[in-house]
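Chains as they are written, first to last, in numbering that gives the first Met the number 0: chain A, 0 to 424; chain B, 0 to 424; chain C, 0 to 152; chain D, 0 to 152.
These are computed hints drawn from the structure, not numbers from a lab.
No residue lacks a Cβ here, since even glycine has one placed at the ideal position from N, Cα and C.
Treat the hints with care, since some could be wrong.
[Claimed, not checked] Straight line, CA to CA, 20 Å or less: simulated DMTMM-like cross-link-like pairs of lysine to aspartate or glutamate:
1) Lys141(D) x Glu4(D)
2) Lys266(A) x Glu62(D)
3) Lys266(A) x Glu33(D)
4) Lys149(C) x Glu17(C)
5) Lys266(B) x Asp24(C)
6) Lys149(C) x Asp24(C)
7) Lys266(A) x Glu44(D)
8) Lys266(B) x Glu129(A)
9) Lys266(A) x Asp107(D)
[To be verified] Derived coverage of chain C by chain A (criterion: at least 3 residues anywhere in the stretch with Cβ under 8 Å from a Cβ of chain A; other residues may be distant):
10) 31 to 45
11) 60 to 66
12) 75 to 89
13) 96 to 109
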Amino acid sequence: MPFRDVRADFPILTREAREGGRLTYLDSAATSHQPADVLRAQEEFVRLHYGAVGRGAHLLAEEATEAFEAARSAVAGFVGAGEGEIVWTGNATAAINLVASGMGAASQGIGGSESRGFALGAGDEIVVTESEHHANIIPWQVLARRTGAALRWIPVDDVGHLVLDGLDSIVNERTKVMAFQHASNVTGLIHPVGRLVDRARAVGALTVLDACQSVPHLPVDFAALGVDFAGFSGHKMLGPTGIGALYGRRGLLDALPPSVYGGSTIKTVTMTETTWLGAPARFEAGSQPVVQAIGLAAAARYLSALGMTQVAAHDERLANRLRTGVSSIEGVRLLGPIGGGSDPVLGLAAFTVEGVHPHDVGQVLDDAGIAVRVGHHCAQPLHARLGAQSSTRASAQVYTSDDDIDRLLEALSGVRRYFAPKGAS
Amino acid sequence: MPFRDVRADFPILTREAREGGRLTYLDSAATSHQPADVLRAQEEFVRLHYGAVGRGAHLLAEEATEAFEAARSAVAGFVGAGEGEIVWTGNATAAINLVASGMGAASQGIGGSESRGFALGAGDEIVVTESEHHANIIPWQVLARRTGAALRWIPVDDVGHLVLDGLDSIVNERTKVMAFQHASNVTGLIHPVGRLVDRARAVGALTVLDACQSVPHLPVDFAALGVDFAGFSGHKMLGPTGIGALYGRRGLLDALPPSVYGGSTIKTVTMTETTWLGAPARFEAGSQPVVQAIGLAAAARYLSALGMTQVAAHDERLANRLRTGVSSIEGVRLLGPIGGGSDPVLGLAAFTVEGVHPHDVGQVLDDAGIAVRVGHHCAQPLHARLGAQSSTRASAQVYTSDDDIDRLLEALSGVRRYFAPKGAS
Amino acid sequence: MSGLEQMYQQVIIDHARERHGFGLDSPAGARIGESHQVNPVCGDEIRLRVALDGERIAGVTWEGHGCSISQASVSVLHDLIEGTTLDEASELSSAFRALMDLRGDPPDPEIDDMLGDGSAFVGVGRYPARIKCALLGWMALKDALIQAQKETR
Amino acid sequence: MSGLEQMYQQVIIDHARERHGFGLDSPAGARIGESHQVNPVCGDEIRLRVALDGERIAGVTWEGHGCSISQASVSVLHDLIEGTTLDEASELSSAFRALMDLRGDPPDPEIDDMLGDGSAFVGVGRYPARIKCALLGWMALKDALIQAQKETR
Ligand SMILES: Cc1ncc(COP(=O)(O)O)c(C=O)c1O
Ligand SMILES: Cc1ncc(COP(=O)(O)O)c(C=O)c1O
Chain A
0 MPFRDVRADF
10 PILTREAREG
20 GRLTYLDSAA
30 TSHQPADVLR
40 AQEEFVRLHY
50 GAVGRGAHLL
60 AEEATEAFEA
70 ARSAVAGFVG
80 AGEGEIVWTG
90 NATAAINLVA
100 SGMGAASQGI
110 GGSESRGFAL
120 GAGDEIVVTE
130 SEHHANIIPW
140 QVLARRTGAA
150 LRWIPVDDVG
160 HLVLDGLDSI
170 VNERTKVMAF
180 QHASNVTGLI
190 HPVGRLVDRA
200 RAVGALTVLD
210 ACQSVPHLPV
220 DFAALGVDFA
230 GFSGHKMLGP
240 TGIGALYGRR
250 GLLDALPPSV
260 YGGSTIKTVT
270 MTETTWLGAP
280 ARFEAGSQPV
290 VQAIGLAAAA
300 RYLSALGMTQ
310 VAAHDERLAN
320 RLRTGVSSIE
330 GVRLLGPIGG
340 GSDPVLGLAA
350 FTVEGVHPHD
360 VGQVLDDAGI
370 AVRVGHHCAQ
380 PLHARLGAQS
390 STRASAQVYT
400 SDDDIDRLLE
410 ALSGVRRYFA
420 PKGAS
Chain B
0 MPFRDVRADF
10 PILTREAREG
20 GRLTYLDSAA
30 TSHQPADVLR
40 AQEEFVRLHY
50 GAVGRGAHLL
60 AEEATEAFEA
70 ARSAVAGFVG
80 AGEGEIVWTG
90 NATAAINLVA
100 SGMGAASQGI
110 GGSESRGFAL
120 GAGDEIVVTE
130 SEHHANIIPW
140 QVLARRTGAA
150 LRWIPVDDVG
160 HLVLDGLDSI
170 VNERTKVMAF
180 QHASNVTGLI
190 HPVGRLVDRA
200 RAVGALTVLD
210 ACQSVPHLPV
220 DFAALGVDFA
230 GFSGHKMLGP
240 TGIGALYGRR
250 GLLDALPPSV
260 YGGSTIKTVT
270 MTETTWLGAP
280 ARFEAGSQPV
290 VQAIGLAAAA
300 RYLSALGMTQ
310 VAAHDERLAN
320 RLRTGVSSIE
330 GVRLLGPIGG
340 GSDPVLGLAA
350 FTVEGVHPHD
360 VGQVLDDAGI
370 AVRVGHHCAQ
380 PLHARLGAQS
390 STRASAQVYT
400 SDDDIDRLLE
410 ALSGVRRYFA
420 PKGAS
Chain C
0 MSGLEQMYQQ
10 VIIDHARERH
20 GFGLDSPAGA
30 RIGESHQVNP
40 VCGDEIRLRV
50 ALDGERIAGV
60 TWEGHGCSIS
70 QASVSVLHDL
80 IEGTTLDEAS
90 ELSSAFRALM
100 DLRGDPPDPE
110 IDDMLGDGSA
120 FVGVGRYPAR
130 IKCALLGWMA
140 LKDALIQAQK
150 ETR
Chain D
0 MSGLEQMYQQ
10 VIIDHARERH
20 GFGLDSPAGA
30 RIGESHQVNP
40 VCGDEIRLRV
50 ALDGERIAGV
60 TWEGHGCSIS
70 QASVSVLHDL
80 IEGTTLDEAS
90 ELSSAFRALM
100 DLRGDPPDPE
110 IDDMLGDGSA
120 FVGVGRYPAR
130 IKCALLGWMA
140 LKDALIQAQK
150 ETR
């Protein structure tokens, strides 16, 4: 164990599974649970310090504003962002959309001359990868449609690795923006961000990183990675639902036009004309997820206290146990490589079971108290590329133990037998 | 009292004010506090039933999904909405933006032929009022800019009432959408929704209601009001931060194109093509504010238990005490009419004090333990129209008592003296 | 019997394997209606075709892929619906939906009789997330019948 | 002394009323720089103009409206900055900002001396929401000086 057994910090893990007995929660890549500390931080704030942020001259408004901005600094520090580089959003999806729709707005002249650098038109290209979550595909499809730009993508090989041979032709002088994930929520693969950023920089393209799966498990420093924008979600990193964040390099964020409009974003408004504030205010229209920001900061503090290097080591160890175990069960196919070492992967495993539909696999596991996710995990193109229509996925977090993995492996070994013709067993 | 003294239900109200003593919270129109019941509902859900909604086959995912959809039904019931007519958003601002940007998307051909009814172009008109919150002005300014449509508005008179004499010329056959507030967060005026809806219907224009200030204080039934869309926020109605909702008539919501794109909104995705689900799913991209939905439903239940008719009566009574009191203090100008009876108003009062800037007014009140809001309350055009650059605002909620109002009135009476030249006092 | 055993009764596993009515067919002379339904969570799809001969549903055939519950459910649907009148089909459809709402409790003997193999799906009612799977074919049926009735012969 | 009394010291209330330097002026021959700053919460605005004569700030004039803290702060700024060199202005500016960070604690005697009437703003530091008001003019000064230095004579 790289750190103490933290299971006791998570109240929900002590509840019973469906048929009684221990709950084995292996659905953390979908959403993670909150430790008691994070719950307490929110509750205490609501009970003692809550008020409108950024506006009031009264005591509660003042305390709430200070706590809210301190939360922003804490989260910024956690991901290597500076002042004014973190915008609160509802989730990672909203963060990525904010960039894409901001570029769409710029392309329609909104944001004026300072936003011109974000405008796209016919002849321009947008690049994504075939491994992306829908949240990092559809916004770019729509942006392409809005602007006449072409959407291109970096393909994936049979195993799930990005094919980088053709990178220089896919990412070229016409490329205006390149959006890609840090790590896959299906194969678990941690992609070579540096290589992609270097190429984007060489051609002057903006980079947008989907860091939804990496921030919860790895030490992440956006400034060091050199990306221009990045998005992540609170609910996957032991934080509350209803909050995520967009990282953006300061100069860029101040010029990107907003695409949601309302209070607290403006300098002046007349019936015909509005002038906007700089970032992050210009993007945070209306009342903010204040309590959730406090909670997300508490989650970042909790993870920092464990140490992200230790968290990553824990994840890597579980990845190995899980992926080796899954791939050695007969009739079970692991999506992606076993990985490890120079082929880094997250602590998750998506797999298919010969002759048994993922829904049915999930149900049998649930009956054994094991919570996994079934479906295409919002990555239909990747599943299609890997020749699976959907899959079952087990995924770990800091509270996951070897024992959890072993329970999964044992139950999974029995799944095919369960659905085999009864005479044959 | 139309209902028992509920102050004890709100933990924060027992904390001390800045210089000690009782906290008089009169900033509820900015944001309201959560009763212990609402906190408990969220906490219990997180501790026992949290999981990914709408996707998993495991026990927690199942329980979370059921609770999440039950919360949607509860909130729908609270505002007279039917199944599939409530979309979760981050706040009221996001709800209004979702309609405006959906129309912008439709105008660019996104959403295909079924969305054509939402498209705008040159020659079309958008109508708002001069009384609106920025959240119901700027999205329409931008939509006008995106589509070439013209933005028009219903003016306000010296007192703050909408001037409806010219309604038939302002809202005409060219009008495609008309957005207006149910009640003003500055004058407190409750506008004649029926009259506006009738005119919009007569010319076939869509209606979008900003119900942010009405839902917390009045019995509201969107179906009965006959509006097409409406937005409101959780944090103003005793619910959590980070959640709001868009109401939309079912047939309309299914045809409005989404403007935020990602997981859980789609039927199928390939690298080049996406097909969307119907409402509400098509608008709820990515992981949702699940815990906040549970909390908002609990807030709706809390208000329903008090009875919205009783809540409205309480608000009306406080409105009278507050507005009569404020307007009778020398050198203090109430924005809007005293109101009451056939000139209905909310339980709030925005005012200016002769010779003293609102910030300074707010500070003196804060020193007396009274929390009010200062500024333009995100309604610069209305303030400009009323000849005030900004104002101080006191606003009530169910936990506000006569005593709170009286404390404000007393402290307010002393404000001018405080800033008078010392020799003169 | 655990919840799991109640859900995966042998008759369901058998139907999922045998898939009665699998393979689209369009008999000449009948009014044809077709529907394509997708379960967005897993991408499971069903394309179901009905052939209407007057008021009678002369044929129900289908294609697609999905979990054992969705596959077995269409297979049973085929057996139940083929040869019934529109009214009977609507009654069966309602009965099946009602079965899902029982959360695993046994249905009235009358309903039990009426649904035949369909009654085996009673256990699905205990798993709200799977009800969608069991209803996928029935949603397709409803839609396909609407399409067929729009057809002029 | 309550927090409120510490903030609204008589010297502040007086400056807010007297508004030294009010009324924009552009002396001939100087390099002129101007800045417009808005407090988005209340819409308070300040337009501040500096006239640079070589390294010396020959004039600081302004217009605008706002709360007593913001008005008094520009008035004091005018008195402190007019006639100083760019370096001295930068030092005064830093000292004033540092004063805000003290959360109401008294500044070093040296700083106290240097800021003169400006030291009266020490009480503002206890009210984070009001620090913005006190700094509005100083932000305008910084920006206006940048503009002025861009001017070729
Ligand atoms: C009338 C009105 N509309 C819209 C809003 C915006 O609400 P929110 O900030 O919760 O999005 C507010 C509150 O600030 C309001 O008072
Ligand atoms: C790789 C990846 N990107 C984006 C998302 C979207 O995150 P959210 O649903 O929190 O917006 C997810 C999670 O579902 C993910 O795994």
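Hint check:
1. Proximity of Lys141(D) to Glu4(D) is assessed by CA-CA distance (about 29 Å); at most 20 Å being required, the pair is judged violated.
2. Taking the CA atoms of Lys266(A) and Glu62(D), the gap is about 18 Å. The hint holds against a cut of 20 Å.
3. Of the supplied pair hints, the one linking Lys266(A) and Glu33(D) holds, its CA atoms being roughly 18 Å apart against a limit of 20 Å.
4. For the hint pairing Lys149(C) with Glu17(C), the CA-to-CA distance comes to about 32 Å; that exceeds 20 Å, so the pair is violated.
5. Restraint check for Lys266(B) and Asp24(C): not satisfied, since their Cα atoms lie roughly 26 Å apart, outside the 20 Å limit.
6. A hinted pair counts as satisfied when its Cα atoms are at most 20 Å apart, and Lys149(C) with Asp24(C) qualifies at roughly 19 Å.
7. A hinted pair counts as satisfied when its Cα atoms are at most 20 Å apart, and Lys266(A) with Glu44(D) qualifies at roughly 10 Å.
8. At most 20 Å may separate the alpha-carbon atoms for a hinted pair to count; Lys266(B) and Glu129(A) meet this at roughly 18 Å.
9. Taking the CA atoms of Lys266(A) and Asp107(D), the gap is near 36 Å; set against the 20 Å cutoff, the hint is violated.
10. Proximity of the stretch 31 to 45 of chain C to chain A, defined as three or more residues with a beta carbon under 8 Å from a beta carbon of that chain, is established by the 4 residues found.
11. Only residues whose beta carbon comes within less than 8 Å of a beta carbon in chain A count, and the stretch 60 to 66 of chain C has 3; three or more means the coverage holds.
12. Counting residues of the stretch 75 to 89 of chain C whose CB falls under 8 Å from any CB of chain A gives 0; the rule of at least 3 is not met.
13. Here the stretch 96 to 109 of chain C counts 0 residues with a CB under 8 Å from a CB of chain A, which misses the bar of 3, and the coverage is violated.
Comparing the model with each numbered hint stated earlier shows that hints 1, 4, 5, 9, 12, 13 do not hold.
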